[in-house]
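S.K.: Take a look at the letters that make up each chain.
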Amino acid sequence: MAADGAAAVSLLVGLLALRTVRPPVVKDVSDAFQILNRTIERFVPDLPVGFTWGDAMERLRGYGVEVDWPRMESTLAGYEAFRYGGRDMPNGTGEEAIVLSTQIRRKLIGHRNKAKSPF
Amino acid sequence: MDTGIKQKVLSEIGKVVIGREREAELLLISFLAGGHVLLEGVPGISKTILAKSFSRCVGLDFKRIQFTPDMLPMDMVGGFVFNVKNREFEFRRGPVFTNLLLADEINRAPPKVQSALLEAMQEGQVTVEGITQKLPFPYMVIATQNPQEFQGVYPLPENQLDRFQMKVSLLYPDLTTESLIIKRNLSEMDTAQVNEVLNAAELEGILRDVQKVSVSDEMIDYLSKIAEESRKERRLSLGASPRAMVHLVHCARANAYLSGRDFATPEDVKKVSTYVLSHRLRLDQSSVLTGAVSDPSQVVQDIFTRVRPPR
Numbered sequence: 001m002a003a004d005g006a007a008a009v010s011l012l013v014g015l016l017a018l019r020t021v022r023p024p025v026v027k028d029v030s031d032a033f034q035i036l037n038r039t040i041e042r043f044v045p046d047l048p049v050g051f052t053w054g055d056a057m058e059r060l061r062g063y064g065v066e067v068d069w070p071r072m073e074s075t076l077a078g079y080e081a082f083r084y085g086g087r088d089m090p091n092g093t094g095e096e097a098i099v100l101s102t103q104i105r106r107k108l109i110g111h112r113n114k115a116k117s118p119f
Numbered sequence: 001m002d003t004g005i006k007q008k009v010l011s012e013i014g015k016v017v018i019g020r021e022r023e024a025e026l027l028l029i030s031f032l033a034g035g036h037v038l039l040e041g042v043p044g045i046s047k048t049i050l051a052k053s054f055s056r057c058v059g060l061d062f063k064r065i066q067f068t069p070d071m072l073p074m075d076m077v078g079g080f081v082f083n084v085k086n087r088e089f090e091f092r093r094g095p096v097f098t099n100l101l102l103a104d105e106i107n108r109a110p111p112k113v114q115s116a117l118l119e120a121m122q123e124g125q126v127t128v129e130g131i132t133q134k135l136p137f138p139y140m141v142i143a144t145q146n147p148q149e150f151q152g153v154y155p156l157p158e159n160q161l162d163r164f165q166m167k168v169s170l171l172y173p174d175l176t177t178e179s180l181i182i183k184r185n186l187s188e189m190d191t192a193q194v195n196e197v198l199n200a201a202e203l204e205g206i207l208r209d210v211q212k213v214s215v216s217d218e219m220i221d222y223l224s225k226i227a228e229e230s231r232k233e234r235r236l237s238l239g240a241s242p243r244a245m246v247h248l249v250h251c252a253r254a255n256a257y258l259s260g261r262d263f264a265t266p267e268d269v270k271k272v273s274t275y276v277l278s279h280r281l282r283l284d285q286s287s288v289l290t291g292a293v294s295d296p297s298q299v300v301q302d303i304f305t306r307v308r309p310p311r
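Residue numbers (the working numbering), protein chains in the order written: chain A, 1 to 119; chain B, 1 to 311.
By construction, these hints were calculated from the structure, which means they are not laboratory data. Take the hints with a grain of salt, since some may be wrong.
Unchecked claim - Derived DEER-like restraints, expressed as beta-carbon distance ranges:
#1 Thr68(B) x Gly86(A): 48 to 58 Å
#2 Trp69(A) x Glu202(B): 30 to 40 Å
#3 Leu72(B) x Glu73(A): 54 to 64 Å
#4 Ser216(B) x Ser74(A): 33 to 43 Å
Said to hold, decoys possible - Below are the EDC-like pairs computed for lysine to aspartate or glutamate, each with C-alpha atoms no more than 16 Å apart in a straight line:
#5 Lys112(B) x Glu158(B)
#6 Lys271(B) x Asp55(A)
#7 Lys8(B) x Glu25(B)
#8 Lys271(B) x Glu58(A)
#9 Lys212(B) x Asp262(B)
#10 Lys232(B) x Asp302(B)
For glycine and all other residues, C-beta sits at the position ideal for the given N, C-alpha and C.
Using the sequences and the hints given, assemble the complete structure.
M.R.: Right under this line is the structure:
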């Protein structure tokens, strides 16, 4: 009986852990976009290795991921100016990129090994 | 970085050419990147009017040469003629001396004429009887060819194709666009309706600004990996040349400029890649015969899906 109870509790804890996606802790905008990059690579399997930020944004928009897209685009523009244009890193922590990353993981948790994106 | 220029040019061209916004944008990108364009398509799909309208709205001197099998290089570059008044030979410039040259049906001219155009395209100059004459700046050749013609034509060799920064294939318009074209042409359509949107000083400034668009080292490495991947590709017997990659980076910069940025991104490279690379790649014949591939642009797209850009 006790063993059954323990198994049920651990199953419940496991399920709760799957459903709860904590936003990661980030240092800066660059860090936020690297996390978003890894999230996309891992959780959006139908995007090829050679995807660009533009491809990813278009695909995620198409899937109906709910984020403030104008703000996301503006943050991405700032990051791209830093990444490709040698500008100073934008201030802030790239909150929108983290929100997007969390949204992707929340929607895709449990589907990570499937070939087709469940969006 | 001026983003308004693209809209101005597209809207002026749109007054007479319907449904060719993408092609007009590619002409503008190649022009800003200092390149030449090969327009490919069957007759009557607005290749000539597109080129004429483009030259008009960017305020360039325009000349057209209709290439024929009996043409001589002299018909294009000009030559020395005897002036009876001063009893001296003087150079009479051919139609190649212009800012924007429309080389209509380029594959109908014999190789000698085609190679005379090479020097003009590559060096911005022509040499006649040992004397070199500079061509006006900016200089752009827009050549057209009909892919359906097989008789009485001289297909452009690889080295000549490589001189064209882009090859743009014009397809038939869709049903709605076709109806619009017919409707609009019920009254007389004329490129005179196209207004000049740039003057010489503005154009000079823009060309200077495009040169200032930066390309990071990581982006250069990305381009090198693309080139390497194309040379390893089994479905190709000829991959991208270093010149192709140089053209690609110039077009990416022009695209970045038109997008209002002073730096190029992988997006800029990807957007122009099939137009810059496809015509320079040679398909492996055994892959064609086995049906593994039929179109080089498909191979270009596949390569871009495999090579990881800096992110």
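S.K.: A separate judgement is required for each hint: does it hold in the structure or not?
M.R.: Outcome of the hint check:
1. Checked against the hint of 48 to 58 Å, the C-beta distance between Thr68(B) and Gly86(A) comes to roughly 52 Å, which is consistent with it.
2. Between Trp69(A) and Glu202(B) the C-beta distance comes to about 34 Å, which sits within the given range of 30 to 40 Å.
3. Distance hint for Leu72(B) and Glu73(A): a CB-CB separation of about 56 Å, consistent with the stated range 54 to 64 Å.
4. As the Cβ distance of Ser216(B) to Ser74(A) is approximately 21 Å, the hint placing it in 33 to 43 Å is violated.
5. A threshold of 16 Å between alpha carbons decides the hint, and for Lys112(B) with Glu158(B) the separation of about 15 Å falls inside it, so the pair holds.
6. Note on Lys271(B) and Asp55(A): the hinted pairing holds, with a Cα-Cα distance of about 11 Å set against a maximum of 16 Å.
7. With a C-alpha separation of about 11 Å, the suggested pair Lys8(B) and Glu25(B) falls inside the 16 Å cut-off, and the hint holds.
8. For the given pair, Lys271(B) sits about 14 Å from Glu58(A) by alpha-carbon distance, which is consistent with the 16 Å threshold.
9. Between Lys212(B) and Asp262(B) the alpha-carbon distance is near 7 Å, which keeps this suggested pair within the 16 Å criterion.
10. For the proposed pair Lys232(B) and Asp302(B), the alpha carbon gap of about 13 Å is at most 16 Å, so the pair holds.
Hint compliance for this structure: hint 4 is the single one not met.
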